[in-house]
Each structure stands twice: as C-alpha cells, then as structure tokens.
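Given the coordinates of chain G, assemble chain Z onto it according to the supplied hints.
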Amino acid sequence: MTPINRRTALAGATVLAGTRFARAQAKPDVKLAMLVPLSGPWARSGLLEQMGARMAIEDINNNGGIKALGGAKLKLLEFDAGESAEKAKDAAQRMVAQEPDLSGGFGCWLSTFTLAATEVTERAELPWMTLSYSDLITNRGFKYVFQASPTADAQAKDLVPIIMDMAEKAGAKRPSKVALVGDNSASSVSFYKAIREIVIPEQKLISVADEIFTPPLADATTIVQKLRTGKPDFVLLQSTNAGDDKILVDKFAEFGLTSQKMAMVGGGGHWCQPELTKLTTKEHLEGVIVGLANWPGKAMADITRRFIERTKEPWFGHDSLFGYTHVMTYAAALEHAGSADKNKVMQALHTMDIKDGPARFFPDGRIKFDEKGRRVGAKLCVVQWRNGEPVPVFPDAVATHQAVWPRAS
Amino acid sequence: MDIESLIENVLNALTAGVTIGCIYGLMCIGLGLIFGIMKVVNFAQGELLMLGMFASLYLVTGGGILAFLGPNIGPFVGALLAGPIVFVVGALIHKFLISRVSGLKTAGSIDDGHFGQLIVTLGISLILQNGGMIVFGSTPFTVRTPLSSSAIEVAVGYGDATVFLNKAKLIACAIAIASALALYLVMEFTRIGKALRAAADNPTAATYMGIDVDKYYRMAFGMGCGITAIAGGLMATYLSFGPFVGFDYVIIMYSGVVLGGIGSIMGAFWGGLTVGFVQQFSALLLPPQLQNAMIFIVFLLIVLLRPQGLFGRSAERA
Numbered sequence: 388m389t390p391i392n393r394r395t396a397l398a399g400a401t402v403l404a405g406t407r408f409a410r411a412q413a414k415p416d417v418k419l420a421m422l423v424p425l426s427g428p429w430a431r432s433g434l435l436e437q438m439g440a441r442m443a444i445e446d447i448n449n450n451g452g453i454k455a456l457g458g459a460k461l462k463l464l465e466f467d468a469g470e471s472a473e474k475a476k477d478a479a480q481r482m483v484a485q486e487p488d489l490s491g492g493f494g495c496w497l498s499t500f501t502l503a504a505t506e507v508t509e510r511a512e513l514p515w516m517t518l519s520y521s522d523l524i525t526n527r528g529f530k531y532v533f534q535a536s537p538t539a540d541a542q543a544k545d546l547v548p549i550i551m552d553m554a555e556k557a558g559a560k561r562p563s564k565v566a567l568v569g570d571n572s573a574s575s576v577s578f579y580k581a582i583r584e585i586v587i588p589e590q591k592l593i594s595v596a597d598e599i600f601t602p603p604l605a606d607a608t609t610i611v612q613k614l615r616t617g618k619p620d621f622v623l624l625q626s627t628n629a630g631d632d633k634i635l636v637d638k639f640a641e642f643g644l645t646s647q648k649m650a651m652v653g654g655g656g657h658w659c660q661p662e663l664t665k666l667t668t669k670e671h672l673e674g675v676i677v678g679l680a681n682w683p684g685k686a687m688a689d690i691t692r693r694f695i696e697r698t699k700e701p702w703f704g705h706d707s708l709f710g711y712t713h714v715m716t717y718a719a720a721l722e723h724a725g726s727a728d729k730n731k732v733m734q735a736l737h738t739m740d741i742k743d744g745p746a747r748f749f750p751d752g753r754i755k756f757d758e759k760g761r762r763v764g765a766k767l768c769v770v771q772w773r774n775g776e777p778v779p780v781f782p783d784a785v786a787t788h789q790a791v792w793p794r795a796s
Numbered sequence: 003m004d005i006e007s008l009i010e011n012v013l014n015a016l017t018a019g020v021t022i023g024c025i026y027g028l029m030c031i032g033l034g035l036i037f038g039i040m041k042v043v044n045f046a047q048g049e050l051l052m053l054g055m056f057a058s059l060y061l062v063t064g065g066g067i068l069a070f071l072g073p074n075i076g077p078f079v080g081a082l083l084a085g086p087i088v089f090v091v092g093a094l095i096h097k098f099l100i101s102r103v104s105g106l107k108t109a110g111s112i113d114d115g116h117f118g119q120l121i122v123t124l125g126i127s128l129i130l131q132n133g134g135m136i137v138f139g140s141t142p143f144t145v146r147t148p149l150s151s152s153a154i155e156v157a158v159g160y161g162d163a164t165v166f167l168n169k170a171k172l173i174a175c176a177i178a179i180a181s182a183l184a185l186y187l188v189m190e191f192t193r194i195g196k197a198l199r200a201a202a203d204n205p206t207a208a209t210y211m212g213i214d215v216d217k218y219y220r221m222a223f224g225m226g227c228g229i230t231a232i233a234g235g236l237m238a239t240y241l242s243f244g245p246f247v248g249f250d251y252v253i254i255m256y257s258g259v260v261l262g263g264i265g266s267i268m269g270a271f272w273g274g275l276t277v278g279f280v281q282q283f284s285a286l287l288l289p290p291q292l293q294n295a296m297i298f299i300v301f302l303l304i305v306l307l308r309p310q311g312l313f314g315r316s317a318e319r320a
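Quick note, the sequences are listed as chains G and Z, same order. Counting in my numbering, the first sequence runs from 388 upward without gaps. Counting in my numbering, the second sequence runs from 3 upward without gaps.
The shape of chain G in the complex, shown without the other chains (with noise of 0.2 Å):
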C-alpha cells in the first residue's frame, strides 16, 4: 500500500475541495413530474400533452433556465396513468415516493385520472396543473391543485348560449330542441349536470334525447336511433376519446345525419385530433363544432411553426398547448417564488397575476387563480371542422374564420 505523503494528502484535499465548489456552482435541476394516459384509449392524447411539454422544456432550457434560480435547468419526469382511475392514482403513489423533490407537476388529461391523482398529490403538498374540466376537482377545497382549463360547468353555461347565437348570426331559426349524449366521465358528467339543471331551463329548450354511456362504445345505433327520432336542431357530444367520437360520427353518416342536417357540437380537444381524419373521413367532420378549453390563436404562429416542424403533426391543438402552457406557468411561478420548494411555488401560484409570457397562451390573456385553484376569467374556445382541419371560430382573440351553421336548420 502506497503511504499517504504531505504532497498525495494536499492534492486529495484540493480535488476535494474543488468538488464541493464545483457541486456548489452547478445548479441542480428543478423537477417537474407529468403523469397522463400514455397506454390504454386516452394515450393518444397524453402523447399530445407530451410533445408539448417536451417543447416548452426545450424552449426554457435553451433561454438560459430558472433566472431566480440562477439558470437552474427543468427536468420533466413523465409518468403513465395508465386506462383507469386506480392506475392513475397508483401511478401517483409511485411518483411521489420515487421523486420527493418535485417542485410541481401536472396531468392527468381525463377528469376521472386527475381526481383520483390529485387526492395523492393533494397529502404530498406537490402543486399540481391540469387542464381536465370537471369542477369537482377544484370543489374539494384542495390548495396545491390548479385548474388552467374554464370548468365543465362553466364550460356548459358558455357554450350552449354561443351556440344559440352562432345559429342566429348564420341566419338559422334559434334553436329549441338539443340532445345530449356523452360518456359517464367525470367532466361530462360535470358538464350535463349544468346542462340539465341550468342551461336548458334557461334557454328555454327541450331535450328530446339524453342518452350516457359507458366508454368505449361498441357500436352507437341505439343511441343515434333516438337523435333520429327526437330531430334535435342540434346535438351535444361529451365524449372522451377519439374511438367514440368515430363511432358516434360514422353512425351519424349512416343514419343520414351529417353535421350539414343536425348542428353537432363535441367537446374537448379529442375531437380535434388529427387523427380522426383516418379513423372517420373529412366529410364526416366537416362542420362539426367543438367547445374546448383552449386553442392556439393568431399570436402563436412562431410556436405552431416550431411545433408542427419539431412532430410533424398536421396542427399545435389543444392538449399539446396545454403542455406547453403548464410547464410555462410553472416556469413563471418558479421565478416568482425564487425558490424550487414545492410550497413556495404552490404560494407562487397563488399568488400570481401575469398578463404577459404564458398568459399570453390564453385568450384571455391572464394567468391568475382564485382561491380554489381555478383561473380567473378562463374562456371557452370554439373551433369548427372545414376541409379536415379544425379552425378556432371564438372567441375573437383566436379565430380566423367565421363559424358555419347547417342549412337545415
């Protein structure tokens, strides 16, 4: 064994020394977990999340990281929910033991997977974002959970009126008669709650169909049967996934029931995958109206850019914008709070109120929370299906066509 000299001793305690400085200097990484459906009839549009979450990591690393945080890189964790709510929840178990350093997190794209998720992250004090609608999950006074996304009942009692107006302005009778058909979600579930109990009252309609089913659809004749009967002017579709929209809009087709008869009104950014323009045809969709949380607008053409080069997906839409939007929002809470603690940045989130960098994702055009986690003044988008590709129709802050009403009605 070689003996340890004055000299071997003095290099060892100056590499030491220089290590710890070293480690000092470098700026540790600051976590963000994203956990949504990446297996199973949701996966489709977790990977769509995904592609955007992956951009705005880039984006922010390659602008020189958390500034409050000395440059400090992000680190996006990705995490499967798998098919169902007990694999959503169990995959946050294993998120939270696995990585207790988080500073946030966001998922879980279906309703039902981020309350079973959130009520895991809720007792590990982690914020978490998400872009699912239904209002329970901002309903059970949790204070680390944030909904970007207009709830689904305020989803509701925005969009039927617009609907309503959107006939008239196309010089079409109002409508009196509307069906409802979705799956048995939570955010549908949310949503036709509003629906039944305030919106139709309110606008004086009649449902002449109300039909809930449980996803996935094996085949939708039954259903589109009692739509035939009842002759809604229009029809709301709450489905989940691209699967269901397919069966729901290729039985329409067969029945006779285009979108150019009966006014179809889908909701959620499924209904904008691209898609479905393989799994149904162009025709089948072309003028098929959807109400969702968000979409790009005019002012996101340099990011659509990069995003449709960087994927070579047809379009940047809905789940992709939120991914982008959340890992943003964080990005700003994280130098709000001038700290990777997840409380601080949960106290950040709060705390905010930004008209400017990622508010600008919005059409709103402002990024602030109340008290229960919802963002204030959150719209409702509309976008209609034209020659195979969905264009944003409201409001005006992100549409570039006018929207289009069947001439049947």
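Treat the hints loosely; a few may be bogus.
[As the list claims (entries may be wrong)] Straight-line distance between alpha carbons at most 30 Å, and here's what the computed DSS-like set of lysine-lysine pairs gives:
| no. | chain 1 | residue 1 | chain 2 | residue 2 |
| --- | --- | --- | --- | --- |
| 1 | G | LYS685 | G | LYS742 |
| 2 | G | LYS462 | G | LYS556 |
| 3 | Z | LYS169 | G | LYS669 |
| 4 | G | LYS648 | Z | LYS169 |
| 5 | Z | LYS169 | G | LYS665 |
| 6 | Z | LYS169 | G | LYS618 |
Just so you know, these hints were derived from the structure itself, not from any lab.
Here is chain Z on its own, set in the frame of chain G:
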C-alpha cells in the same frame, strides 16, 4: 313515442344486436374451442383479438398487399387472412409456452396445470399488450372502409319507419356465420374434428388410439386464436383499436362462453350472439351506460337458473 318510432327503434336495435352478436359469437368460439378441447382458460384471448385487428390492418394498409382489392373488399379479405396468421402465432405460443402447463404433461397433477395456465396466459396477455404498445404505438387505428358508415335502408311498410342495415356489419355478420358453420362442419365431419373431439373427451384414451394429443391441442389452440383473430379483423372495419383493445372484449368473450355452456363450441357462438343482442337491445329500455351491466345481469340470471349455460344440454360437446 309514436308507434312508427317505436317500430323503427325496436327493429334497428334488433338488427344491430344480431349483427354485432354474430361477430361476438365468432369471437367467443375461439375461446370456447380452446377451453372446450384443452380445458385451458386463456386470459390472453383478448390480445389475440387485437393481433387479428393489427394483422388485418397491415395486410390492408401497411404493405398494401390487399390494396388492389379496394376499400370495399380488401378489409374483409384482410380479416379472413388474419386468421391463418394468428393461427401460426397461436401454434407457436402453444408449442413454447402453453404446452408446458397443459395437456398430458400436467394430467393427473393436483391442479391439472390450471394455476400455471393462469399465470402463463396472464403473462402472455401483458407481454402482447405492452409489446403492442412498443411496436404499434398508442395512436388509435381502424381498417377504413366506406361501408362502415353506410347502410341499406329497408322500409318497414309502416309510415316512414326504416331499418338501417350497416353494410360493413352485415358482411362481417355473414363472414362470422360462415366461419362458425365451417368450423362446425370441420368438427363434425372431418378426421381432424374427430381427433380434436377425442383429445378433448379423453386424452389418455385418444393417445392409446394413436392420436397425437399434443399436436391436436396445438392445432386447437391455433384454431381458437385464428378464429378470434378473424372476429378481430371484422371488428376493425367499424371500430378504432389500439394495443389495449383486447381488455374491453375479453369479459364479453367469457360471458358468451359461460352463457352458451362451458365446453360447448357452438354454444359459445349462441352465447356471444346473446351477449350482443342483450347489449344492444337493453339500450332501448335502459340508459346506454347500463348496457354492459345488463349483460352481467342476464349472465347471473342464467348461471342461477341454468348453470350448464343456455345451450349446454342441446349443444354438441367438443
């Protein structure tokens, strides 16, 4: 609701129930065949349905092998060809995995190999699901045919009441019935069918009679997989699917097999038909969200009142 609407609603639910039921019936035959002959409860049957869907998809669109047949014929030929492809996959799965925990090797053991079969088939199911995720990705697919969104409209003769017969499902239904009938004829009137039935009834005696029981078990397993794959290919013409689609249908398969009478191959077809019919027809009277619950209510009623299954007594045992 007026009488015209009522007639239309009932007849459309009836036709949807029968067409979907026939496809479910074919799907159930695959599982029924495996259980009836080998007494193996195959939890991976849903994933073999999924493989049938993807085999059909790649035959029709991937390599463009069937592109020359066009979108009206190609998807159905693709579904039929998915059968032999998945038959080979099934035979290989049997050779390298299932045969280790079934057949003569486990005859006489405490559990007749059932615990091993349970674990092995569950494992195959997980591997196929997650392998499918790696290979095919999570984007939903469909074998697109214009027939899936068009119908033959039949006037009932009462007011404007019309029955819509979905063209894709009608063809799929005809193929399902023809396939089931072909299997019945093979089982009843051919040497292979007799050997399969002998291997099912008494494998030891069949061995003494010179029947290679392991070979026929492999054939039965392959046939069960292939038949379910044909059903998968047919379903792919009107549904969207991904690597996890099998999970949604494996429960229907088990319900159909038990309803029809465990061990009875043709009973499985009638069981599947009953499941499809109950699923569609119940939506007329109850909210559609209870469709699958109704299947199990009927299932439990039949288990309670007729434990041998609906067609257990009259159907020919394999």
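Quick rundown of the hints versus the structure:
1. LYS685/G - LYS742/G: Distance ~17 Å between LYS685/G and LYS742/G Cα, so the pair holds.
2. LYS462/G - LYS556/G: Measuring from Cα to Cα gives roughly 48 Å; hence the hint is violated.
3. LYS169/Z - LYS669/G: 20 Å, holds
4. LYS648/G - LYS169/Z: 22 Å, holds
5. LYS169/Z - LYS665/G: Roughly 20 Å between the alpha carbons, so the hint for LYS169/Z and LYS665/G holds.
6. LYS169/Z - LYS618/G: 24 Å, holds
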